[in-house]
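Asker: Each residue of the sequence shown is one higher than the one before, starting from 1 at the first, in my numbering.
Just to be clear, a hint being listed does not mean it is correct.
As the list claims (entries may be wrong) - Here are the simulated DSS-like pairs of lysine-lysine, each with C-alpha atoms no more than 30 Å apart in a straight line:
{"no.": "1", "residue 1": "LYS404", "residue 2": "LYS418"}
{"no.": "2", "residue 1": "LYS408", "residue 2": "LYS418"}
{"no.": "3", "residue 1": "LYS418", "residue 2": "LYS402"}
In short, the hints are calculated from the structure, not lab data.
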Amino acid sequence: MTDTDILIIGSGMGGASLAAGLAPSGLRILILERGEYLVDQPAARDPAAIFGRGHFRPTETWLTPEGDRFNPGNYAYVGGNSKFYGAVMMRYRAADFAPIHHLGGMTPGWPFDYATLAPWYARAEALYHVRGNCALDPTEPHHDAPYPFPPIPHEPAIADLARRLQAIGLHPAPLPLAVDLDRWLARAATPWDAFPDTTGGKLDAETAALAQALRHPNVRLETGVTVQRLVTEGDQISAVITDRGRFCAARVVLAAGAVMTAAILLRSADERHPTGLANRSDQLGRNFMNHNASAVLALSGRRNRSIYQKTLQINDWYLGDGQGGAPLGNVQLLGRVSAPILAAQTGMPGPLARLIASHAIDFYAMSEDLPNPESRVRVRGDDIVLDWRRSNWAAHLALVGKLKTALKRAGFPIVLSKAFDRRTPSHQCGTARMGNDPATSVTDSYGRCHDHPNLWICDASLLPTSAAVNPSLTIAALALRQADRIASEAA
Numbered sequence: 001m002t003d004t005d006i007l008i009i010g011s012g013m014g015g016a017s018l019a020a021g022l023a024p025s026g027l028r029i030l031i032l033e034r035g036e037y038l039v040d041q042p043a044a045r046d047p048a049a050i051f052g053r054g055h056f057r058p059t060e061t062w063l064t065p066e067g068d069r070f071n072p073g074n075y076a077y078v079g080g081n082s083k084f085y086g087a088v089m090m091r092y093r094a095a096d097f098a099p100i101h102h103l104g105g106m107t108p109g110w111p112f113d114y115a116t117l118a119p120w121y122a123r124a125e126a127l128y129h130v131r132g133n134c135a136l137d138p139t140e141p142h143h144d145a146p147y148p149f150p151p152i153p154h155e156p157a158i159a160d161l162a163r164r165l166q167a168i169g170l171h172p173a174p175l176p177l178a179v180d181l182d183r184w185l186a187r188a189a190t191p192w193d194a195f196p197d198t199t200g201g202k203l204d205a206e207t208a209a210l211a212q213a214l215r216h217p218n219v220r221l222e223t224g225v226t227v228q229r230l231v232t233e234g235d236q237i238s239a240v241i242t243d244r245g246r247f248c249a250a251r252v253v254l255a256a257g258a259v260m261t262a263a264i265l266l267r268s269a270d271e272r273h274p275t276g277l278a279n280r281s282d283q284l285g286r287n288f289m290n291h292n293a294s295a296v297l298a299l300s301g302r303r304n305r306s307i308y309q310k311t312l313q314i315n316d317w318y319l320g321d322g323q324g325g326a327p328l329g330n331v332q333l334l335g336r337v338s339a340p341i342l343a344a345q346t347g348m349p350g351p352l353a354r355l356i357a358s359h360a361i362d363f364y365a366m367s368e369d370l371p372n373p374e375s376r377v378r379v380r381g382d383d384i385v386l387d388w389r390r391s392n393w394a395a396h397l398a399l400v401g402k403l404k405t406a407l408k409r410a411g412f413p414i415v416l417s418k419a420f421d422r423r424t425p426s427h428q429c430g431t432a433r434m435g436n437d438p439a440t441s442v443t444d445s446y447g448r449c450h451d452h453p454n455l456w457i458c459d460a461s462l463l464p465t466s467a468a469v470n471p472s473l474t475i476a477a478l479a480l481r482q483a484d485r486i487a488s489e490a491a
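Produce the entire structure from the sequences given, and follow the hints as far as they go.
Answerer: Right, here's the structure in full:
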């Protein structure tokens, strides 16, 4: 006997988007989320609380292979990590779906091409009210229709930056964003990245997709439920074991995130599956990727009075270095790095942090991390062990170097940079990659596990490659594609 037709584990970008896509089908859908709703509070607008005291940062720790504990910064709330994301909703470039030669090696490509996913990209952009302009970025793949909404206008300092970049031959373009800016700024003029969405100003997994799904009476959400393991009967998933009891469903969907999804399957090992469920290929937990990323601050004598500056991107080096070389990556603006944020992140004195922050424009440089079977997630008792083997670092250093040179040419005499470390979850993905061959992949191209016909995965675990763009839109598009597949099978 089943409790529901479809049980979704996790309410982040994958799980919430899947629920939104499935809700009109009438199928009974139950979503289990280990976190609770993120409520509005003064700390949500306090940079010292967020960046200094780590008010919202979870207490969970993982292990390095050497046994050292670290806090990974993965959030457990309704809506998952998207409650703190930058709301950048970019499509993978068309070339990202094919094998590509990088400075650090070769990517394997995807089991389908860009055109296959393009219709679901469009549906995801509509679901998340994405604002953008697909005509100005030379790397933007084909869209059958414009973005649902026009781009967020640049503030004066960013408009001046765009003109300076164009003058040196670059092609700055609007950053596609899922944001209700008026709603965000109505509460307080706060920065953006890593600030929690407690007002609905970010169109995140909760405020966009989950809210839409829960309008349907056939969709239920239970919070504060931690999934411990899955149980099999034959090749079927027969039950989900949690700290709140046992749940049964005709179909089970893991959407807990690239690390937690792999950990749940590894912890579900049994006599028939000694290395974990869905692991006939021995690829479960492998190929973990986490973008190579750096913050870059460009300083000049001009004051930056922007409140919301995250509106611009540069992809001139995305497909190559501009001189026929290997791909380097994407550059986009960060939300304002205010003086309290800068002081908390660097330890510099307040007066110096205020001087730098008031004259800086803040960038995020991002390069592709390549899949490596030795870069992986394991479990050791109750602990998660993350062995991240950073790759393609030479490409990232080259990207940061190109950006610094360009910014100096554009009139910013001082340019500072700092790489993000493993404590920053910079778009974790891989660990249960999709593919057509069960010997080399965990799921098929729709996210159904090769080994268990009623088990699906719907999160960043599926991504065969990380590309060099924010993954949220791709996760949402894959989820909507999966929703159509499940609904058609269940009809």
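Asker: Are the hints correct? Go through all of them and say.
Answerer: Status of the hints after comparison with the structure:
With a CA separation close to 12 Å, the supplied pair LYS404 and LYS418 stays within the 30 Å bound. Of the pairs offered as hints, the one joining LYS408 and LYS418 holds, with about 17 Å between alpha carbons and a cut-off of 30 Å not exceeded. Of the pairs offered as hints, the one joining LYS418 and LYS402 holds, with about 15 Å between alpha carbons and a cut-off of 30 Å not exceeded.
When held up to the earlier numbered hints, the structure conflicts with none and fits them all.
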